[in-house]
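J.: Respectively, the protein sequence lines represent chains E and V.
Mapping the first sequence onto our numbering, position 52 (from 1) lands on 694, and the numbers just tick up by one.
Mapping the second sequence onto our numbering, position 65 (from 1) lands on 707, and the numbers just tick up by one.
Hints listed in this document are in silico derivations from the structure and should not be mistaken for laboratory results.
Keep in mind that a hint or two might mislead.
[As the list claims (entries may be wrong)] Pair by pair, the computed Cβ-Cβ distance ranges are: (1) V/Asn-662 with E/Lys-835: 36 to 46 Å; (2) V/His-953 with E/Ile-670: 15 to 25 Å; (3) V/Ala-690 with E/Thr-873: 18 to 28 Å; (4) E/Lys-963 with V/Pro-838: 51 to 61 Å; (5) V/Pro-838 with E/Glu-978: 34 to 44 Å; (6) E/Ile-917 with V/Gly-656: 28 to 38 Å; (7) V/Pro-910 with E/Thr-669: 47 to 57 Å.
Backbone N, C-alpha and C define an ideal beta-carbon position, used for all residues, glycine too.
Protein chains: 2
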Amino acid sequence: MNTNETQTPISTLGEFGLINHLTEKVTIRNKSTVKGIGDDAAIVKYDADQETLISTDLLLEGIHFDLSYTPLKHLGYKSVVVNLSDIIAMGGKPQQITVSLGISSKFSIEAVDELYQGITLACDTYGVDIIGGDTTGSETGLVISITALGTTTPNSAFCRKGANDNDLVVVTGDLGSAYMGLQLLNREKTVWKANPNIQPDLDGNDYVLERQLKPEARADIIRFLNELEVTPTSMIDISDGLSSEIKHICEASQVGVNLYEDKFPIDPTTVQLAIDFNLNPTTVVLNGGEDYELLFTVSTKDFDKIKGNPHMTVIGHITDKSFGENLILKDGHSIELKAQGWNGIKPEEE
Amino acid sequence: MNTNETQTPISTLGEFGLINHLTEKVTIRNKSTVKGIGDDAAIVKYDADQETLISTDLLLEGIHFDLSYTPLKHLGYKSVVVNLSDIIAMGGKPQQITVSLGISSKFSIEAVDELYQGITLACDTYGVDIIGGDTTGSETGLVISITALGTTTPNSAFCRKGANDNDLVVVTGDLGSAYMGLQLLNREKTVWKANPNIQPDLDGNDYVLERQLKPEARADIIRFLNELEVTPTSMIDISDGLSSEIKHICEASQVGVNLYEDKFPIDPTTVQLAIDFNLNPTTVVLNGGEDYELLFTVSTKDFDKIKGNPHMTVIGHITDKSFGENLILKDGHSIELKAQGWNGIKPEEE
Numbered sequence: 643m644n645t646n647e648t649q650t651p652i653s654t655l656g657e658f659g660l661i662n663h664l665t666e667k668v669t670i671r672n673k674s675t676v677k678g679i680g681d682d683a684a685i686v687k688y689d690a691d692q693e694t695l696i697s698t699d700l701l702l703e704g705i706h707f708d709l710s711y712t713p714l715k716h717l718g719y720k721s722v723v724v725n726l727s728d729i730i731a732m733g734g735k736p737q738q739i740t741v742s743l744g745i746s747s748k749f750s751i752e753a754v755d756e757l758y759q760g761i762t763l764a765c766d767t768y769g770v771d772i773i774g775g776d777t778t779g780s781e782t783g784l785v786i787s788i789t790a791l792g793t794t795t796p797n798s799a800f801c802r803k804g805a806n807d808n809d810l811v812v813v814t815g816d817l818g819s820a821y822m823g824l825q826l827l828n829r830e831k832t833v834w835k836a837n838p839n840i841q842p843d844l845d846g847n848d849y850v851l852e853r854q855l856k857p858e859a860r861a862d863i864i865r866f867l868n869e870l871e872v873t874p875t876s877m878i879d880i881s882d883g884l885s886s887e888i889k890h891i892c893e894a895s896q897v898g899v900n901l902y903e904d905k906f907p908i909d910p911t912t913v914q915l916a917i918d919f920n921l922n923p924t925t926v927v928l929n930g931g932e933d934y935e936l937l938f939t940v941s942t943k944d945f946d947k948i949k950g951n952p953h954m955t956v957i958g959h960i961t962d963k964s965f966g967e968n969l970i971l972k973d974g975h976s977i978e979l980k981a982q983g984w985n986g987i988k989p990e991e992e
Numbered sequence: 643m644n645t646n647e648t649q650t651p652i653s654t655l656g657e658f659g660l661i662n663h664l665t666e667k668v669t670i671r672n673k674s675t676v677k678g679i680g681d682d683a684a685i686v687k688y689d690a691d692q693e694t695l696i697s698t699d700l701l702l703e704g705i706h707f708d709l710s711y712t713p714l715k716h717l718g719y720k721s722v723v724v725n726l727s728d729i730i731a732m733g734g735k736p737q738q739i740t741v742s743l744g745i746s747s748k749f750s751i752e753a754v755d756e757l758y759q760g761i762t763l764a765c766d767t768y769g770v771d772i773i774g775g776d777t778t779g780s781e782t783g784l785v786i787s788i789t790a791l792g793t794t795t796p797n798s799a800f801c802r803k804g805a806n807d808n809d810l811v812v813v814t815g816d817l818g819s820a821y822m823g824l825q826l827l828n829r830e831k832t833v834w835k836a837n838p839n840i841q842p843d844l845d846g847n848d849y850v851l852e853r854q855l856k857p858e859a860r861a862d863i864i865r866f867l868n869e870l871e872v873t874p875t876s877m878i879d880i881s882d883g884l885s886s887e888i889k890h891i892c893e894a895s896q897v898g899v900n901l902y903e904d905k906f907p908i909d910p911t912t913v914q915l916a917i918d919f920n921l922n923p924t925t926v927v928l929n930g931g932e933d934y935e936l937l938f939t940v941s942t943k944d945f946d947k948i949k950g951n952p953h954m955t956v957i958g959h960i961t962d963k964s965f966g967e968n969l970i971l972k973d974g975h976s977i978e979l980k981a982q983g984w985n986g987i988k989p990e991e992e
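Start from the sequences and build out the full structure, keeping to the hints where you can.
T.: Right, dumping it as structure tokens:
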């Protein structure tokens, strides 16, 4: 939070005043938005040849974000993106969001504005309308609840279920950077708390910081796949970590998987940071999460269409369920994949 | 919270375990629900001749509810009903909800189950499907964020805008009871805190307590109006109090209004309680809120159709905007209507 500028207490606006203040600049861009903010409910109307997708996320201060190092504008942006990522991971086109905020009285209007600027920037970037929400006081921390609506043509959504034996496992972009960005921010916070005179050492780490603080949803991939005429057999976005996401696909599709450690796409900065933090980069990729890349499976007949594409990496293949879920290490050994989340990331033994 | 039964820490389940535990009993009843919980986004599909309505509410511990006297099952039920009431107040048929919960570790699984039982009971009562949500830990209080989806035929939604000069102002049920229920609960809590040996004195007040703790949304009214072939020119539900709701209608419709104090429907228990609390019953009706009754306007030509209907009371009429928004007191004096919320309810001078 920028504390150098003039801060106006929210109490000067009142609840209705705050709602008006936040929503007066909201514009409607989608034809499917019949009625937005300003009534008991919003109205959206899709064509007869479309299905509606709905996704929702609840973000709580102290659990999902730390206001001591998260710029509010980035937080607003990310709050929207994580929801749009869910719609996109179903192959859908995001169209509308609702935004509910619980705001403690310690917040100034400028702070709420900064948060909302990030929200509207994400809406501008992804062509999405804000159609409603709820704004209320909070006696505890900041609460952000966003619900996204999107559309697909009927029976064309990419689900967790659908992966078949021999399908290729593909991931977009690179993995693990968002987690290392978080580690870096936490380390500098600890250093700063111990000695407030020390300036944060974040130089040269712009990439991992941006991956953590301002992730993007891969709408571009859905367009690429459409242009390439590749139809994924299953898809999910990577919010909790590669390991738990591929396990969701295997469970829903009733299949097994082999992932190959040496294929994992990791940015060099991320590898170096993991080493600096005494962490195994593979463990960071498997359990770090928050990359908001897409994980999907395609039939082997589509391999030629995606081969060499800089946005996509084949990291393994689907097997019969009886073979289980495995990680093939660089040395050729096979170990069972486990979804451990952040608990699974521990410093290596010296 | 019932503290007599065995309590199991949520930590025994883990996050995914808790989600599975909460959602395994969720059933799908609406044909429009293509895919519910278990993927990145839910899929709903409505007919080409329908519009989709969306409403969302965020409920925070300490702001919207007090767990010291709110049974969790009732809280779950009410959390759903307040959202459905918004869909119904647009003339829509509620169809699906998403449920996001932020739960502190002090909660037991039994407590979360009780909350969820109330949520599913409301879904059973109103024929609504739970299609997704988000469950997360909370470092502060309980957070409940619910989004409801519903349908109407195109261009038939009842909005705040639409009231015309001379239209009648109609309210359903009676008003002020939910607020007096809350006053009663707060008083007994204060007494109990001062002396825990004194039993709460809630006898004879079942009606106001139920209105506060377990309100219902008036889906029946939408059916009645349909059967009577009455099309309201505007409609809103009463969540914040009659005064602010009628002002929303006047502002959106660019009209004025005269409300008549002697027409306000108030339950005798509520009148007596208000007097006991040294409050003016009219002020309670105007500013109390949380009744979740419907407030709407109809053309005078529809008067004969609703006249004498026990569920509906004509409490005033719409005027030209230039006449303003007025309350005609029992003694014939006219005063300006103000939306004061709970701040407007003060004990009377002795």
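J.: CB of V/Pro-838 to CB of E/Glu-978, is that within 34 to 44 Å?
T.: violated (54 Å)
J.: Should the hint that V/Ala-690 and E/Thr-873 are 18 to 28 Å apart at their CB atoms be regarded as holding?
T.: For V/Ala-690 and E/Thr-873 the Cβ distance comes to about 25 Å; the hint holds.
J.: Note whether the CB distance of E/Ile-917 and V/Gly-656 lies within 28 to 38 Å or breaks it.
T.: holds (30 Å)
J.: Note whether the CB distance of E/Lys-963 and V/Pro-838 lies within 51 to 61 Å or breaks it.
T.: Holds, since E/Lys-963 and V/Pro-838 (Cβ atoms, about 58 Å apart) stay within the stated range.
J.: Note whether the CB distance of V/Asn-662 and E/Lys-835 lies within 36 to 46 Å or breaks it.
T.: holds (38 Å)
J.: Measuring from beta carbon to beta carbon, are V/Pro-910 and E/Thr-669 in 47 to 57 Å?
T.: holds (50 Å)
J.: Could you say whether the range 15 to 25 Å given as a hint is met by the Cβ separation of V/His-953 and E/Ile-670?
T.: The hint (15 to 25 Å, Cβ to Cβ) is violated, given that V/His-953 and E/Ile-670 are roughly 36 Å apart.
In terms of the numbered hints stated before, the structure departs from hints 2 and 5, listed from lowest to highest.
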